[in-house]
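Asks: Note that the protein sequences, when read in sequence, are chains Z and X. If you count by our numbering, then the first sequence holds residues 74 to 330, one letter each, in order. If you count by our numbering, then the second sequence holds residues 74 to 330, one letter each, in order.
Hints listed in this document are in silico derivations from the structure and should not be mistaken for laboratory results. Among the clues, some could well be false.
Unchecked claim - Computed footprint of chain X on chain Z, listed as stretches where at least three residues anywhere in the stretch have a Cβ under 8 Å from a Cβ of chain X:
#1 170-183
#2 219-230
#3 233-245
#4 248-254
To be verified - Here are the simulated lysine-lysine pairs, DSS-like style, with alpha carbons at most 27 Å apart:
#5 Lys114/Z to Lys319/X
#6 Lys80/Z to Lys95/Z
#7 Lys95/X to Lys131/X
#8 Lys269/X to Lys103/Z
#9 Lys103/X to Lys269/Z
#10 Lys150/Z to Lys122/Z
#11 Lys95/Z to Lys110/Z
#12 Lys114/X to Lys330/Z
#13 Lys85/Z to Lys150/Z
#14 Lys269/Z to Lys95/X
#15 Lys131/X to Lys110/X
#16 Lys249/Z to Lys110/X
#17 Lys269/X to Lys114/Z
#18 Lys280/Z to Lys330/Z
#19 Lys219/Z to Lys114/X
#20 Lys219/Z to Lys103/X
#21 Lys219/Z to Lys106/X
#22 Lys249/Z to Lys106/X
#23 Lys114/X to Lys319/Z
#24 Lys95/X to Lys140/X
#25 Lys219/X to Lys114/Z
#26 Lys219/X to Lys106/Z
#27 Lys76/Z to Lys188/Z
#28 Lys114/Z to Lys330/X
#29 Lys106/Z to Lys269/X
#30 Lys249/X to Lys106/Z
#31 Lys85/Z to Lys209/Z
#32 Lys85/Z to Lys122/Z
#33 Lys106/X to Lys122/X
#34 Lys249/Z to Lys280/X
#35 Lys114/Z to Lys323/X
#36 Lys280/X to Lys323/X
#37 Lys140/X to Lys103/X
#38 Lys150/X to Lys122/X
#39 Lys110/Z to Lys249/X
#40 Lys319/Z to Lys209/Z
Heads up, the beta-carbon is just placed ideally off N, CA and C, and yes, glycines get one too.
2 protein chains.
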Amino acid sequence: MNKDWLKMMDEKIQFWLQIARKNALESVNKDLKVDTKTSRKDLVTNVDKDNEQFFVRKIRENDPNSKILGEEGFGDKFNSMEGHVWIIDPIDGTMNFVKERNYFAIMVSLYVDGKGLLGYILDVVNNDLYHGIFGKVYRNNELLNKPDDIHLDYGLMGMSAPLLIENAYNMQTIAKQSEGVRIYGSAGIQLISVIKGELVGYISHLKPWDIASGRVMCESLGLTVTTIDGNKLNMVSSETVLVATKIAHKEILDLVK
Amino acid sequence: MNKDWLKMMDEKIQFWLQIARKNALESVNKDLKVDTKTSRKDLVTNVDKDNEQFFVRKIRENDPNSKILGEEGFGDKFNSMEGHVWIIDPIDGTMNFVKERNYFAIMVSLYVDGKGLLGYILDVVNNDLYHGIFGKVYRNNELLNKPDDIHLDYGLMGMSAPLLIENAYNMQTIAKQSEGVRIYGSAGIQLISVIKGELVGYISHLKPWDIASGRVMCESLGLTVTTIDGNKLNMVSSETVLVATKIAHKEILDLVK
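Model the full assembly from the supplied sequences, consistent with the hints where possible.
Replies: Here you go:
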């Protein structure tokens, strides 16, 4: 991979993220159109669609032979991570975007032959950008240190409410073992908290675009990212994902049923 | 109640909150001492103690015949809400303060003969102050509108994780009926979200200092605050508290078992 090309793309993506951010913040107070997708709890807005189309257009201009996977379906359909694969979540946490106007993110990443090379999570309201490149992770322009490799019982766990309520995979025991549960309603915002070492881990049923950017950064920071069974993510279908410090990851796998 | 005195106290409290905020932000990076109280999940720091002692001192100077109820026990012991009662939570969400350095609040309120006259919740990291006085609620200096009186199934619910895990009061059904669950780990931060209309309601087992400030504001905004059985809060002991829009409050009481 050409380092100069990655560096150039990095600059462009940061610029595109600011345009997408502006679009989100302007539309939320003006002309937000909200629709449901698979259920009343699964929302999509004109901003999700506009932002995704914007990213798809920009990526096609700059990396025409790549494949694109986007939440709203403006990208391509494929089952293999071969070659350049861009993964886009134009608004992560759409329910929060609509109801709270806070705690939502824009996420973009680039995988090449299955390896995550670039990953971006923009906390829109705080204009706080987390991004991974060349195996390093930055908050805005500041290099982030690896979070401490702490035990499950010494950290707060991010979780999805449906998994907790169903006690799927013995989730309630994992929750009780931790210092407490936090549910923010956006995979991107939860993953930022893991990256910063505020949460010891995060478990949720995720689509590729929910985890792709966070995975790039988590792995660069020495965190472990697998399915809830401890297997490698395939990145092309929905999976229940477990992200945690190395130590807590092992402890959680021992508790999973 | 003398309006001029309340106005003067309002100015002083806003000033004290800024001093307490500065103390919290400075100490968190310097000399934080963390201890446990009733369990490994119940933390206290030197900042909780310093801030409470600071407020107690200031209140005693300005309102010497009042009673003070503070989380860390530097106030008074009493069982009646007669007269002037000040209620202080010097750091609400101490676990978040320690682990996340975000999502925590400082809260102060004044009740006179059981009636809430002043209530303050300061979101410390964002320096975002919500306060209630003379039946009105402000975010910093801006008057807040009443949130829409929405149904449970049209809103996100704040909840405590232990109640959700135990399915206490049929909490899991209430959660599923809503559009989703949010758990932030600080009563103050959750109540700000209810006040702004981002959450349709909040249920948690709370101490008087967790709910006192929020109650003043919620009631001014047309939200309903009761125990989970629909009774009036007594404000001197722990209770499971239900805060919600008028409509959702009724719907939730119908689901409680």
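Asks: Compare the structure with each hint and give your call.
Replies: Verification of the supplied hints:
A stretch counts as covered by a chain when three or more of its residues have a beta carbon under 8 Å from one of that chain; for the region 170-183 of chain Z and chain X the count is 4, and the coverage holds. Check on the region 219-230 of chain Z: 3 of its residues sit with their Cβ under 8 Å from a Cβ of chain X, so the three-residue criterion for coverage holds. With a cut-off of 8 Å between beta carbons, the region 233-245 of chain Z has 4 residues touching chain X; three or more are needed, and the interface restraint holds. Only when three residues or more bring their CB closer than 8 Å to a CB of chain X does the claim for the region 248-254 of chain Z stand; here the count is 5, and the claim holds.
Pair hint Lys114/Z plus Lys319/X holds up; C-alpha atoms about 22 Å apart against a cutoff of 27 Å. Using a Cα cut-off of 27 Å, the hinted pair Lys80/Z and Lys95/Z holds, with the two alpha carbons roughly 23 Å apart. The suggested pairing of Lys95/X with Lys131/X holds, with an alpha-carbon distance near 16 Å, which does not exceed 27 Å. Restraint check for Lys269/X and Lys103/Z: satisfied, since their Cα atoms lie roughly 18 Å apart, inside the 27 Å limit.
With a CA separation close to 18 Å, the supplied pair Lys103/X and Lys269/Z stays within the 27 Å bound. With a C-alpha separation of about 17 Å, the suggested pair Lys150/Z and Lys122/Z falls inside the 27 Å cut-off, and the hint holds. For a cut-off of 27 Å, the pair hint linking Lys95/Z to Lys110/Z stands: about 24 Å separates their Cα positions. Distance check on the hinted pair: Lys114/X and Lys330/Z sit about 25 Å apart at the alpha-carbon level, within 27 Å; holds.
Restraint check for Lys85/Z and Lys150/Z: the C-alpha separation of about 25 Å stays at or below 27 Å, so the hint holds. For the proposed pair Lys269/Z and Lys95/X, the alpha carbon gap of about 22 Å is at most 27 Å, so the pair holds. At most 27 Å may separate the alpha-carbon atoms for a hinted pair to count; Lys131/X and Lys110/X meet this at roughly 26 Å. Straight-line distance between C-alpha atoms of Lys249/Z and Lys110/X comes to about 18 Å, which keeps the hinted pair within the 27 Å bound.
At most 27 Å may separate the alpha-carbon atoms for a hinted pair to count; Lys269/X and Lys114/Z meet this at roughly 21 Å. Under the criterion of a C-alpha separation no larger than 27 Å, the hint pairing Lys280/Z with Lys330/Z is consistent with the structure, at around 22 Å. About 25 Å separates the Cα atoms of Lys219/Z and Lys114/X, which keeps this hinted pair within 27 Å; it holds. Under the criterion of a C-alpha separation no larger than 27 Å, the hint pairing Lys219/Z with Lys103/X is consistent with the structure, at around 20 Å.
A hinted pair counts as satisfied when its Cα atoms are at most 27 Å apart, and Lys219/Z with Lys106/X qualifies at roughly 23 Å. Taken as a hint, the Lys249/Z and Lys106/X pair is honoured in the structure, with Cα atoms around 25 Å apart against an allowance of 27 Å. Our distance criterion of 27 Å between C-alpha atoms is met by Lys114/X and Lys319/Z, whose separation comes to about 22 Å. For the given pair, Lys95/X sits about 26 Å from Lys140/X by alpha-carbon distance, which is consistent with the 27 Å threshold.
Between Lys219/X and Lys114/Z the CA atoms are separated by roughly 25 Å; this keeps the pair inside 27 Å, and the hint holds. Taken as a hint, the Lys219/X and Lys106/Z pair is honoured in the structure, with Cα atoms around 23 Å apart against an allowance of 27 Å. Pair hint Lys76/Z plus Lys188/Z holds up; C-alpha atoms about 15 Å apart against a cutoff of 27 Å. The hinted pair formed by Lys114/Z and Lys330/X meets the criterion: a straight-line CA distance of about 25 Å does not exceed 27 Å.
Distance restraint check for Lys106/Z and Lys269/X: the Cα-Cα separation of roughly 21 Å lies within the 27 Å cut-off, and the hinted pair is therefore satisfied. Simply put, Lys249/X and Lys106/Z have alpha-carbon atoms about 25 Å apart, close enough for the 27 Å limit, and the pair holds. A C-alpha spacing of about 18 Å is found between Lys85/Z and Lys209/Z, which places the hinted pair at or below 27 Å, so the restraint holds. About 20 Å separates the Cα atoms of Lys85/Z and Lys122/Z, which keeps this hinted pair within 27 Å; it holds.
Restraint check for Lys106/X and Lys122/X: the C-alpha separation of about 11 Å stays at or below 27 Å, so the hint holds. Among the hinted pairs, Lys249/Z with Lys280/X is consistent with the structure: their alpha-carbon atoms are about 21 Å apart, no more than 27 Å. For the given pair, Lys114/Z sits about 22 Å from Lys323/X by alpha-carbon distance, which is consistent with the 27 Å threshold. Under the criterion of a C-alpha separation no larger than 27 Å, the hint pairing Lys280/X with Lys323/X is consistent with the structure, at around 23 Å.
The suggested pairing of Lys140/X with Lys103/X is violated, with an alpha-carbon distance near 33 Å, which exceeds 27 Å. Annotation: proposed proximity of Lys150/X to Lys122/X holds, straight-line Cα distance about 17 Å (limit 27 Å). Proposed proximity of Lys110/Z and Lys249/X is supported: the alpha carbons are some 18 Å apart, at most 27 Å. For the hint linking Lys319/Z to Lys209/Z, the alpha-carbon distance of about 18 Å falls within 27 Å, and the restraint holds.
When each numbered hint is compared with the structure, a violation occurs for hint 37 only.
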